[in-house]
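S.K.: The residues making up each chain are set out below.
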Amino acid sequence: MDPVTIGLMISIIEKMLVYGPKVVVEISAAFENEDPTAEDIRNLKITMEPEEYFK
Amino acid sequence: MIKRYSVLVAMITLSLVVCLGLIACATFTKSAYQAGAMSKAGFELTMTGMGELYKEGFIKDTVRDETIKLGKAYKDLHNSAIEALARYKEKGSPTDKQAYLQLASEASVLLAKFLNYVRPYLLDGGKEVP
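Those protein sequence lines, which keep their order, are chains A and B. For the first sequence, position 20 matches number 47 in our numbering, and the numbering has no gaps at all. For the second sequence, position 20 matches number 51 in our numbering, and the numbering has no gaps at all.
Simulated from the structure, these hints should not be mistaken for lab results. Idealized CB from N, CA, C, for every residue including glycine. Be aware that one or more of the hints could be misleading.
Distance windows between CB atoms, simulated [as the list claims (entries may be wrong)]: (1) B:Gln129 / A:Lys49: 16 to 22 Å; (2) A:Ser55 / B:Gln133: 27 to 33 Å; (3) A:Ile37 / B:Leu132: 40 to 46 Å.
Subject to a maximum C-alpha distance of 27 Å in a straight line, what follows is the list of computed DSS-like cross-link-like pairs (lysine-lysine) [as the list claims (entries may be wrong)]: (4) B:Lys61 / B:Lys122; (5) B:Lys103 / A:Lys72; (6) B:Lys144 / B:Lys100; (7) B:Lys91 / B:Lys103; (8) B:Lys128 / B:Lys103; (9) A:Lys82 / B:Lys122; (10) A:Lys72 / B:Lys61; (11) A:Lys82 / B:Lys100; (12) B:Lys144 / A:Lys72; (13) B:Lys61 / B:Lys91; (14) B:Lys86 / B:Lys144; (15) B:Lys103 / A:Lys82; (16) B:Lys100 / B:Lys86; (17) B:Lys91 / A:Lys82; (18) B:Lys86 / A:Lys49; (19) B:Lys100 / A:Lys49; (20) A:Lys72 / B:Lys122; (21) B:Lys144 / B:Lys61; (22) B:Lys128 / A:Lys72; (23) B:Lys61 / A:Lys49; (24) B:Lys128 / A:Lys82; (25) B:Lys144 / B:Lys128; (26) B:Lys128 / A:Lys49; (27) B:Lys86 / A:Lys72; (28) B:Lys86 / A:Lys82; (29) A:Lys49 / A:Lys72; (30) B:Lys144 / A:Lys49.
Derived list of chain A stretches under chain B, where covered just means 3 residues or more per stretch with a C-beta under 8 Å from a C-beta of chain B [to be verified]: (31) 57 to 64; (32) 67 to 81.
Kindly produce the complete structure, drawing on both the sequences and the hints.
M.R.: As C-alpha cells, this is what we get:
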C-alpha cells in the first residue's frame, strides 16, 4: 500500500471519528422520537448549501 | 331499540375508523420522519466526505461541480418532500400526503443517482474514475 493511500485512509478514519458519532446521535434521536411534531419534521430540512462543503 | 343500537354501532365504528386513521397517520409520519432523518444524515455525510477529498486535492473541479449540481437538485427535492410531510402532520390532508409520496419517490431516485456518482470517488480515494 502506497503512502498516499495510507495517508488518505488515516484521514478518512479521522473524519469518521469526528462525524460518525454526530450522525449516530442524530439518527438515534429520530428513531427515539415516537411522535414527531411538524417542527421536528421541518428540522430535517437540509440547510447547508452543497458548495459550502467544498470551501 | 334497534335504532339506538344502530347509532351506537355507527358511533363505535366511526370512533374505530378515526382511531385507525390517527394510528395510520402517526405510523406513516413516524416512518417517513425516520426515512427523512436517514436520508439527510447520509447526504450530509457523503457531502462532507466529498468536500474533504476536494480540499485534500483528491478530486478535480469538474467532479466537485457535478457533485454540487446533483447535491442542489437533491437538497431541493428533499426539502420539498419534508415540507409536504410537515404540512400533512399539521393538517392531515391526503393531498399533502400524496405530494410527500411523489416528492420522496423522486428524491430517492435522485439520491441513488447522487450516491452512484460519488461512490467511486469515495471508495477509491478520489482517484480519477473512467
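S.K.: Decide, hint by hint, whether the structure agrees.
M.R.: These are the hints, each one checked on the structure:
1. B:Gln129 / A:Lys49: 16 to 22 Å: 34 Å Cβ-Cβ, so the 16 to 22 Å window is violated.
2. A:Ser55 / B:Gln133: 27 to 33 Å: holds (29 Å)
3. A:Ile37 / B:Leu132: 40 to 46 Å: Cβ of Ile37 of chain A to Cβ of Leu132 of chain B: about 43 Å, so the range 40 to 46 Å holds.
4. B:Lys61 / B:Lys122: holds (15 Å)
5. B:Lys103 / A:Lys72: Holds, at roughly 13 Å.
6. B:Lys144 / B:Lys100: holds (12 Å)
7. B:Lys91 / B:Lys103: Roughly 18 Å separates the two Cα atoms, so the pair holds.
8. B:Lys128 / B:Lys103: Measuring from Cα to Cα gives roughly 24 Å; hence the hint holds.
9. A:Lys82 / B:Lys122: violated (40 Å)
10. A:Lys72 / B:Lys61: holds (16 Å)
11. A:Lys82 / B:Lys100: At roughly 15 Å apart (the allowed maximum being 27 Å), Lys100 of chain B and Lys82 of chain A satisfy the hint.
12. B:Lys144 / A:Lys72: Cα-Cα ~20 Å, so holds.
13. B:Lys61 / B:Lys91: violated (40 Å)
14. B:Lys86 / B:Lys144: holds (23 Å)
15. B:Lys103 / A:Lys82: holds (16 Å)
16. B:Lys100 / B:Lys86: holds (18 Å)
17. B:Lys91 / A:Lys82: Holds, because 14 Å separates the two Cα atoms, which is no more than 27 Å.
18. B:Lys86 / A:Lys49: holds (21 Å)
19. B:Lys100 / A:Lys49: holds (26 Å)
20. A:Lys72 / B:Lys122: holds (19 Å)
21. B:Lys144 / B:Lys61: Answer holds: Lys144 of chain B to Lys61 of chain B is near 26 Å, not above 27 Å.
22. B:Lys128 / A:Lys72: holds (17 Å)
23. B:Lys61 / A:Lys49: With Cα atoms ~21 Å apart, Lys61 of chain B and Lys49 of chain A stay inside 27 Å; holds.
24. B:Lys128 / A:Lys82: violated (37 Å)
25. B:Lys144 / B:Lys128: holds (24 Å)
26. B:Lys128 / A:Lys49: Given that 27 Å is the threshold and the Cα spacing comes to 30 Å, the pair is violated.
27. B:Lys86 / A:Lys72: holds (25 Å)
28. B:Lys86 / A:Lys82: Roughly 8 Å between the alpha carbons, so the hint for Lys86 of chain B and Lys82 of chain A holds.
29. A:Lys49 / A:Lys72: holds (17 Å)
30. B:Lys144 / A:Lys49: This hinted pair holds, its Cα atoms lying about 25 Å apart.
31. 57 to 64: holds (count 7)
32. 67 to 81: This one holds; 12 residues, not fewer than the three required, reach chain B with a Cβ under 8 Å.
Hint compliance for this structure: hints 1, 9, 13, 24, 26 are broken, all remaining hints hold.
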